[in-house]
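Enquirer: Now for the letters of each chain:
Number of protein chains: 2
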Amino acid sequence: MSQANIEKSEIDIVIGALHSDLTAFMNEWKPVFSQFHLIVVKDPDLSAELLIPEGFNLDVYTKSDIDRVVGSATSILFSGYSCRYFGYLVSRKKYIISVDDDCVPARDNNGSLVDAVAQHITNLTTPATPFFFNTLYDPYCKGADFVRGYPFSLRSGVTCALSCGLWLNLADYDAPTQALKPEQRNSRYVDAVLTVPARSLMPVSGINIAFSRELLGPALIPALRLAGEGKLRWETVEDVWSGMCAKVICDHLGLGVKTGLPYVWRNERGNAIESLRKEWEGVKLMEEVVPFFQSVRLPESAITAEDCVVEMAKAVKEQLGQSDPMFARAAEVMVEWVKLWKKVGSS
Amino acid sequence: MSQANIEKSEIDIVIGALHSDLTAFMNEWKPVFSQFHLIVVKDPDLSAELLIPEGFNLDVYTKSDIDRVVGSATSILFSGYSCRYFGYLVSRKKYIISVDDDCVPARDNNGSLVDAVAQHITNLTTPATPFFFNTLYDPYCKGADFVRGYPFSLRSGVTCALSCGLWLNLADYDAPTQALKPEQRNSRYVDAVLTVPARSLMPVSGINIAFSRELLGPALIPALRLAGEGKLRWETVEDVWSGMCAKVICDHLGLGVKTGLPYVWRNERGNAIESLRKEWEGVKLMEEVVPFFQSVRLPESAITAEDCVVEMAKAVKEQLGQSDPMFARAAEVMVEWVKLWKKVGSS
Numbered sequence: 001m002s003q004a005n006i007e008k009s010e011i012d013i014v015i016g017a018l019h020s021d022l023t024a025f026m027n028e029w030k031p032v033f034s035q036f037h038l039i040v041v042k043d044p045d046l047s048a049e050l051l052i053p054e055g056f057n058l059d060v061y062t063k064s065d066i067d068r069v070v071g072s073a074t075s076i077l078f079s080g081y082s083c084r085y086f087g088y089l090v091s092r093k094k095y096i097i098s099v100d101d102d103c104v105p106a107r108d109n110n111g112s113l114v115d116a117v118a119q120h121i122t123n124l125t126t127p128a129t130p131f132f133f134n135t136l137y138d139p140y141c142k143g144a145d146f147v148r149g150y151p152f153s154l155r156s157g158v159t160c161a162l163s164c165g166l167w168l169n170l171a172d173y174d175a176p177t178q179a180l181k182p183e184q185r186n187s188r189y190v191d192a193v194l195t196v197p198a199r200s201l202m203p204v205s206g207i208n209i210a211f212s213r214e215l216l217g218p219a220l221i222p223a224l225r226l227a228g229e230g231k232l233r234w235e236t237v238e239d240v241w242s243g244m245c246a247k248v249i250c251d252h253l254g255l256g257v258k259t260g261l262p263y264v265w266r267n268e269r270g271n272a273i274e275s276l277r278k279e280w281e282g283v284k285l286m287e288e289v290v291p292f293f294q295s296v297r298l299p300e301s302a303i304t305a306e307d308c309v310v311e312m313a314k315a316v317k318e319q320l321g322q323s324d325p326m327f328a329r330a331a332e333v334m335v336e337w338v339k340l341w342k343k344v345g346s347s
Numbered sequence: 001m002s003q004a005n006i007e008k009s010e011i012d013i014v015i016g017a018l019h020s021d022l023t024a025f026m027n028e029w030k031p032v033f034s035q036f037h038l039i040v041v042k043d044p045d046l047s048a049e050l051l052i053p054e055g056f057n058l059d060v061y062t063k064s065d066i067d068r069v070v071g072s073a074t075s076i077l078f079s080g081y082s083c084r085y086f087g088y089l090v091s092r093k094k095y096i097i098s099v100d101d102d103c104v105p106a107r108d109n110n111g112s113l114v115d116a117v118a119q120h121i122t123n124l125t126t127p128a129t130p131f132f133f134n135t136l137y138d139p140y141c142k143g144a145d146f147v148r149g150y151p152f153s154l155r156s157g158v159t160c161a162l163s164c165g166l167w168l169n170l171a172d173y174d175a176p177t178q179a180l181k182p183e184q185r186n187s188r189y190v191d192a193v194l195t196v197p198a199r200s201l202m203p204v205s206g207i208n209i210a211f212s213r214e215l216l217g218p219a220l221i222p223a224l225r226l227a228g229e230g231k232l233r234w235e236t237v238e239d240v241w242s243g244m245c246a247k248v249i250c251d252h253l254g255l256g257v258k259t260g261l262p263y264v265w266r267n268e269r270g271n272a273i274e275s276l277r278k279e280w281e282g283v284k285l286m287e288e289v290v291p292f293f294q295s296v297r298l299p300e301s302a303i304t305a306e307d308c309v310v311e312m313a314k315a316v317k318e319q320l321g322q323s324d325p326m327f328a329r330a331a332e333v334m335v336e337w338v339k340l341w342k343k344v345g346s347s
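As given, the protein sequences belong to chains U and Y, one line each in that order. Take 1 as the starting number for the first sequence in this note's numbering and just add one per residue. Take 1 as the starting number for the second sequence in this note's numbering and just add one per residue.
Don't take every hint at face value.
The list cannot tell twin chains apart, which means a pair is met if one copy fits it or any two copies do.
Stated by the list, open to error - Computed list of lysine to any residue pairs in SDA-like fashion (alpha-carbon distance at most 20 angstroms, straight line):
| no. | residue 1 | residue 2 |
| --- | --- | --- |
| 1 | 8 | 265 |
| 2 | 314 | 297 |
| 3 | 142 | 169 |
| 4 | 284 | 183 |
| 5 | 142 | 191 |
| 6 | 30 | 54 |
| 7 | 142 | 189 |
| 8 | 142 | 168 |
| 9 | 342 | 311 |
| 10 | 317 | 336 |
| 11 | 181 | 143 |
| 12 | 94 | 229 |
| 13 | 339 | 307 |
| 14 | 142 | 157 |
| 15 | 142 | 319 |
| 16 | 278 | 153 |
| 17 | 30 | 51 |
| 18 | 317 | 180 |
| 19 | 63 | 111 |
| 20 | 317 | 307 |
| 21 | 181 | 152 |
If you are wondering where the hints come from, they were derived from the structure by calculation, not from laboratory data.
With these hints in hand, go ahead and build the complete structure from the sequences.
Expert: Here's what the structure looks like:
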């Protein structure tokens, strides 16, 4: 039921540094982060020196590390929010937790600080139940159970491979929504974790996630890059694309995806109205992307996340490649990513 | 966004009276129920006179009314929890709300009394979003919205036909769970409503529900009756069966099903250990029932709830009828129910 099941040495916390001064961020997270090994990946577009306070067990990776490991003859780009994926690549741990550098620990309904890492690990180490919905949410949560009518044969559940946390204060809306409702803040702390049912898709946000690197790592890829991608979440869809790949792959492999707790507190940043022009690009793409992922089926021969990504890349190229060069490029990156993942993993 | 959209005269509250003294129950609900028309259906097995306090606008139906309307040459049984279905049949309203007579209003996290009727009506009169999961739960809820990556083409949603509320204190567990964990009480108030995704099934509990009688009414049927069915919820599966029919029909007709708020406070009753022997019957049936409902598909020609029930009855008879006489009987009741629904509706 808790992170007691696993060793802290099996976890890497990966931080993509889009800001040079991480002092406040790291200090806010210190009670949690200081217990774990951290991988900090500096956005290669960031020139200023990183400021990181002492007291952490961490490795910092910069542009020169990326160039050394990945090489220059690559279509994979690690700039902006994509820099964190380099951390996923070089980690050797079983689990990865990743939180954006503009988020700090949230407080629950009782005013207590949320240990986001502990909650993510609980989510990943207790079963998921994708084949039948439990109306009392996560049946493995303390004080909860399966409700009347839930088939006993489905109660053992499946392994959870992806845990998607949420956000208080500034929610993860797109730029149009943010621009239309500039005052809107999320203050509703929903005290629940639930398994997203099999064959049901959702927009995974990269802001606050955790996953089994061992089982699902190769499926998280910075593949879809918008032409006008910027340094604000609402100017990106890389995590939404990656999340839909991951969900389809989890469904195929019989793995679970949970959403809900833990929350993080997301600080203000950027001007949604300025981003509006860029964001529509991503918004428009979703209209093609979602039906594709809803209908794509992977062959039975695909039995690992690597296999699945290669098959998914084929389908992306065939079915979406003609309609927008961004999709053709995404397919290319996916294939290259699997090669790179194997190479780095065996080195 | 609220019940302001609809007239109070469009709503019937249906109460199945399994206890003769409704005084405490009605008084607890008075601030809410006194604003609406009530249909009270007395369990035909109950001999004592009903005790109902004054101050309500209600119609009471008893065994003699059931015999008069339904006739005696019927396989439909209205005893026990099934009595409320007679109320669904004779109602002429657009919406029905039904709460068990051992439930009283719950309090939310701020200690305020929950208006369960208002919340159910909000659920039914705002769209449902079964085709893509919104990680911030009901996007139509005050202060919430669709998150980044949610396709704009799916944001208008579909009509919600069924709203399933939850329970604090005594949760709706089966007898084995209740017997194994006699001290377990549900104290987690999850402040959320969500659409159950299309093609995902859940065990609907009849304890606290609301539905569009107009769109879905004929699909709620007291069809599956256990041989040893008793007067305790955990001795029944009639609502679970009916709920699975309703969910499959909603998926087929493009209607939505929501779950979550409102909560009711469920009082103690019965001895789970004594019920254990009966309950295993229902528990075992679920192992056949769930795969059936997961795979059953309705023909395109079925365009109303009535059509769908008739088609579903055919499939039940064909695919389950041989394995247990209870299923064959359920199929028969479903066909008869549709005839009765049409007859009563046109009279």
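Enquirer: Now look at each hint and say whether the structure bears it out.
Expert: Consistency of the hints with the structure:
| no. | hint | result |
| --- | --- | --- |
| 1 | 8 / 265 | neither (24 angstroms within a copy, 40 angstroms between copies) |
| 2 | 314 / 297 | within (11 angstroms within a copy, 31 angstroms between copies) |
| 3 | 142 / 169 | between (27 angstroms within a copy, 15 angstroms between copies) |
| 4 | 284 / 183 | neither (25 angstroms within a copy, 52 angstroms between copies) |
| 5 | 142 / 191 | both (12 angstroms within a copy, 17 angstroms between copies) |
| 6 | 30 / 54 | within (10 angstroms within a copy, 62 angstroms between copies) |
| 7 | 142 / 189 | both (18 angstroms within a copy, 13 angstroms between copies) |
| 8 | 142 / 168 | between (23 angstroms within a copy, 15 angstroms between copies) |
| 9 | 342 / 311 | within (16 angstroms within a copy, 52 angstroms between copies) |
| 10 | 317 / 336 | within (13 angstroms within a copy, 53 angstroms between copies) |
| 11 | 181 / 143 | between (37 angstroms within a copy, 10 angstroms between copies) |
| 12 | 94 / 229 | neither (31 angstroms within a copy, 49 angstroms between copies) |
| 13 | 339 / 307 | within (11 angstroms within a copy, 53 angstroms between copies) |
| 14 | 142 / 157 | within (16 angstroms within a copy, 34 angstroms between copies) |
| 15 | 142 / 319 | neither (44 angstroms within a copy, 38 angstroms between copies) |
| 16 | 278 / 153 | between (48 angstroms within a copy, 19 angstroms between copies) |
| 17 | 30 / 51 | within (15 angstroms within a copy, 62 angstroms between copies) |
| 18 | 317 / 180 | neither (35 angstroms within a copy, 53 angstroms between copies) |
| 19 | 63 / 111 | neither (40 angstroms within a copy, 54 angstroms between copies) |
| 20 | 317 / 307 | within (16 angstroms within a copy, 42 angstroms between copies) |
| 21 | 181 / 152 | between (45 angstroms within a copy, 16 angstroms between copies) |
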